[in-house]
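Numbering (the working numbering), first residue to last: 77 to 379.
Think of the hints as simulated: they come from the structure by calculation, not from any bench. For glycine and all other residues, C-beta sits at the position ideal for the given N, C-alpha and C. Keep in mind that a hint or two might mislead.
Stated by the list, open to error - Derived Cβ-Cβ restraints for the label pairs, each shown as a range: (1) L378 / E313: 21 to 29 Å; (2) P168 / I312: 55 to 63 Å; (3) I312 / K190: 39 to 47 Å.
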Amino acid sequence: MLHVSSPVAAPQLLPRATRCDAPLVVIHTHPLAPLLPIPYMVRELLPYWRAMGISAACVPAPVHVPSAAAALLHIDSTRPIDAFRKLSAHYPATLNAKVGSIEKRLISRHQVRKGDGYDGPVIVKTNLNFGGAIDYQISRESHPLRTCMRALRQRMPWQFRTRLDGKDYRIFDRAADVPMMVWHNEHLIVERLLCERAGDQYVLRSWVFFGDGGFISVNYATTPIVQARTIVTRKIEFDPPPELLALRQSMHFDFGKFDFTIIDGVAHLLDANTTPTVGNFSKWPWFDDCMRRLAPGIQCFLK
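With the hints as extra help, turn the sequences into a complete structure.
Rendered as structure tokens:
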């Protein structure tokens, strides 16, 4: 068990550098998607870094801080923004600068296409990350006319919509039962339903990592769609499957979260996220220990 010797103070949302000899980490956010009010995981790391003598500052992109030792691109957008990725030219190390689009249509190895011969159980999701909620918020500010059109579509039956909240994902016993419009809706994706089971419960594993630090939350629920609101218990593990380690390397993730299941000994990636949130995870008794394992991962970028 890894412990930080210094006491951990209560979280402060936007700490600034107070020691000239401390490595300064800049957290770059999208101007329209700041760290507040969403409970991002990186906010929970700030007091642990501070206890380690590492100061951090939150700076909306594309402004840069020349004196920083490292920067984290905490841009809550499904697709990368080139203007923000160029910030890497200003820092010795820029975390997640090489991560490409994390839309499910690109990262999924389980997508089902109409007429491809698969007719087992499927799930219909939004192609964009986090149900497209944050992308929609950013678009609402920068493209009001486009947002108006999308808002009108959100009032239509679910198969015509541009985004589905997690609670609105649809499950079908057979791919043939999926409504025709879904196959033609570029905003939705049909995937094989890959449920890991433990008795009568469903299992979803979330690997949260930062550099060489990390942990896996094994989440149990009574419904196939495992989310914070449906989880009944959890346990913590620390050894990710080799295939996910390889995927992380190929996708150039320095910090993030992979949701996956293990079926017949094989790990299946379901979702990848560069801006993970805490949800009700912080209420569990081992949350502090998990943060102490995660926080030191920043050090490998400050050498």
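> Going back to the hint list, which numbers does this structure go against?
Replying inline: 2
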